[in-house]
Amino acid sequence: MKFADHYFVLTKTGSQANGSISFIFSQTKQNTMKRIIYLSIFLIIGLTGNSQPPEQIDPHYYAVPMKIPIFLSGNFAELRPNHFHGGIDIKTQGKSGLPVYAAADGMVSRISISPSGYGNALYIDHPNGTTTVYGHLLSFSPKISEYIRKIQYEKETFAIDQKVPADSLLVKKGEQIAKSGNSGSSGGPHLHFEIRRTKEQTMLNPLLFNMPVTDKTKPVIQALMVYPASGDAGISGKQQPQRFETMLVGSSYQLKNNQPILVSGKVGFGLQAIDLLDGSLNKCGIYSLKLSIDNELIYSFTMDDFLLEESKYINSHIDYEQAARTGRRLYRTWLEPGNKLSIYDMAEKRGIFKATDGQTHNVKYEITDTYGNATSLSFKIQSKEMAFAAPEPTGELFKFNRNNHIRNGDIEFNIPEGALYNDIDFQFEKLPAHPKFYSPVFKLHNSFTPLHFACPLRIKAVNLPEKLQSKVMLAQVDPVSGKIYSATGKYVDGWVEGNIRLLGNYALAVDTVAPKIVPLSITEKKTLTETNRIRFTITDNLSGIETVRGTIEGKWVLFEYDLKNKLISYTFDKERFQFGKSHELILEVTDFKDNKSTYKAKFYK
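In our numbering, the protein residues as written are 18 to 622.
Treat the hints as calculated values from the structure; they're not laboratory data. Note that CB positions come from ideal geometry on N, CA and C, so glycine has one too. Hints should not be assumed to be uniformly reliable.
[To be verified] Pairs of lysine-lysine, DSSO-like flavour, derived with a Cα cap of 30 angstroms: (1) K233 with K216; (2) K255 with K196; (3) K397 with K447; (4) K357 with K307; (5) K283 with K190; (6) K167 with K190; (7) K307 with K273; (8) K357 with K460; (9) K167 with K255; (10) K233 with K112; (11) K307 with K366; (12) K507 with K488; (13) K160 with K572; (14) K581 with K598; (15) K329 with K357.
[Unchecked claim] For each label pair, taking beta carbons as the anchor points, the in silico distance ranges come out as: (16) V266 with S586: 32 to 42 angstroms; (17) K591 with L265: 55 to 65 angstroms; (18) L324 with P229: 24 to 34 angstroms; (19) H77 with H422: 47 to 57 angstroms; (20) P76 with E409: 50 to 60 angstroms; (21) K167 with E413: 48 to 58 angstroms; (22) L314 with K167: 50 to 60 angstroms.
Take the sequences, apply the hints, and build the full model.
Next up, the structure:
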């Protein structure tokens, strides 16, 4: 069982994945006559374009995937770390094991099982050219479970992303396909449900398809941010972003200090806002937002859909630095030049206002949820000439639309074109080495500036013994605590190289410590009559767990891995396990630097 493409390493400001988590979302292959027929139907009924799905697809086409009152813990396109939420999260009454039903006739096209991400997930293709996705499942229906379990044993792997040939697993609308659960990276029992256009992998808002959700609650506006969008811009006499708290007055919002905001130069705006749903305390995302100045619309978006491949642009859609520093997620309602997200209706205006005329201007935000509940924020800005000079650069100009490099005898780092959302004054510094590192510490700007994709980094090893060459890695170093987090990397001809997803401080560290295995339900020569499972916790100190392999009498057995709980478990399989005798279990757990722990025990079952 190998997790090379499926594990997360937590960092101070978020997560870095080894490889990519895009295995959750990869496009379904269309290679059979059945799929050609489906595609023909897709073309006939005219499912083209990227907005207003109800006008193109019958809003009653899909059945509700659960037969319980529908309350949501998450809505479509709400703000998540590094991505927009691609569906809705249906509450399951605080428990796992409730029936999940196919939303429409179709065929299972893909089955994904992972210790993180969507956990146990099903993908069903439908004749109208869409795919529905069901995530964080506890288990599959018997026919689906039998199909995928056979493949897991053939490949000797728990984690799997399996394409299913056409017509192999057909389902009918309303047929039970699974039980709801809490698998993968889920934070509590619920069903994650999506609707996608199969060909383009466009995520569609399920709430536009007749979902029986009661919502009469208006969105909430919590705060306003005003940003300098040019080097000589200022807000209230300062050249830094300024935050203004809001208050509800009647049915709309105003600033607590309801005085005009003094601005000069080019400025942009941001909004901290959430949507609330009836019967739920969860803070959800905004469906529609409009920003006008003097009744002229300068920025707007409506979350009917978005392209999956554009989801990472969320890090420019929000104020990433605020999210990293404070945990607050604000909508950045002005466009950085490197933001190519295609959801904006007024992209040519980019939400930026040039304050040079000395006049007072009326600014208004209008926010609406999917069910038409609306609220607004109105305030004034006063354009005032203020003598600000652009700050002197202290680093090197890295431009968003070109390749940028750091190269000397100790380090090589490249930020390709498209990895930045804006030009930055890149801060680079070589810091003193620490005895636990095999290189100096290199400051690569800061972790509050996002990268759109991973960028290549090479650091030269210093005094690295040959026996540790297979154990060395690029490590992110917390600038305050000095704590290290595994990033990536392998040793190549005196250098350690890999791709990093976060800026920050980096050095070379080694991992020589094997994972830790703690048995929960088995000991040597124990009789396991009171349990149907063998359970362990497994942990690793740095590089992360890569493989788990368990055998009984030398034959591979399926240990399921729950990464968030650090738990693995084998359920005795009536078809593959011989009861009424003594057995020997061997469990091997290996991390990404090939440090291995082994647990052996004889038991009776």
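Status of the hints after comparison with the structure:
no.	hint	result
1	K233 with K216	violated (35 angstroms)
2	K255 with K196	violated (55 angstroms)
3	K397 with K447	violated (46 angstroms)
4	K357 with K307	holds (19 angstroms)
5	K283 with K190	violated (54 angstroms)
6	K167 with K190	holds (26 angstroms)
7	K307 with K273	holds (21 angstroms)
8	K357 with K460	holds (28 angstroms)
9	K167 with K255	violated (64 angstroms)
10	K233 with K112	holds (26 angstroms)
11	K307 with K366	holds (13 angstroms)
12	K507 with K488	holds (8 angstroms)
13	K160 with K572	holds (24 angstroms)
14	K581 with K598	violated (34 angstroms)
15	K329 with K357	holds (10 angstroms)
16	V266 with S586: 32 to 42 angstroms	violated (55 angstroms)
17	K591 with L265: 55 to 65 angstroms	holds (60 angstroms)
18	L324 with P229: 24 to 34 angstroms	holds (28 angstroms)
19	H77 with H422: 47 to 57 angstroms	holds (55 angstroms)
20	P76 with E409: 50 to 60 angstroms	holds (57 angstroms)
21	K167 with E413: 48 to 58 angstroms	holds (56 angstroms)
22	L314 with K167: 50 to 60 angstroms	holds (56 angstroms)
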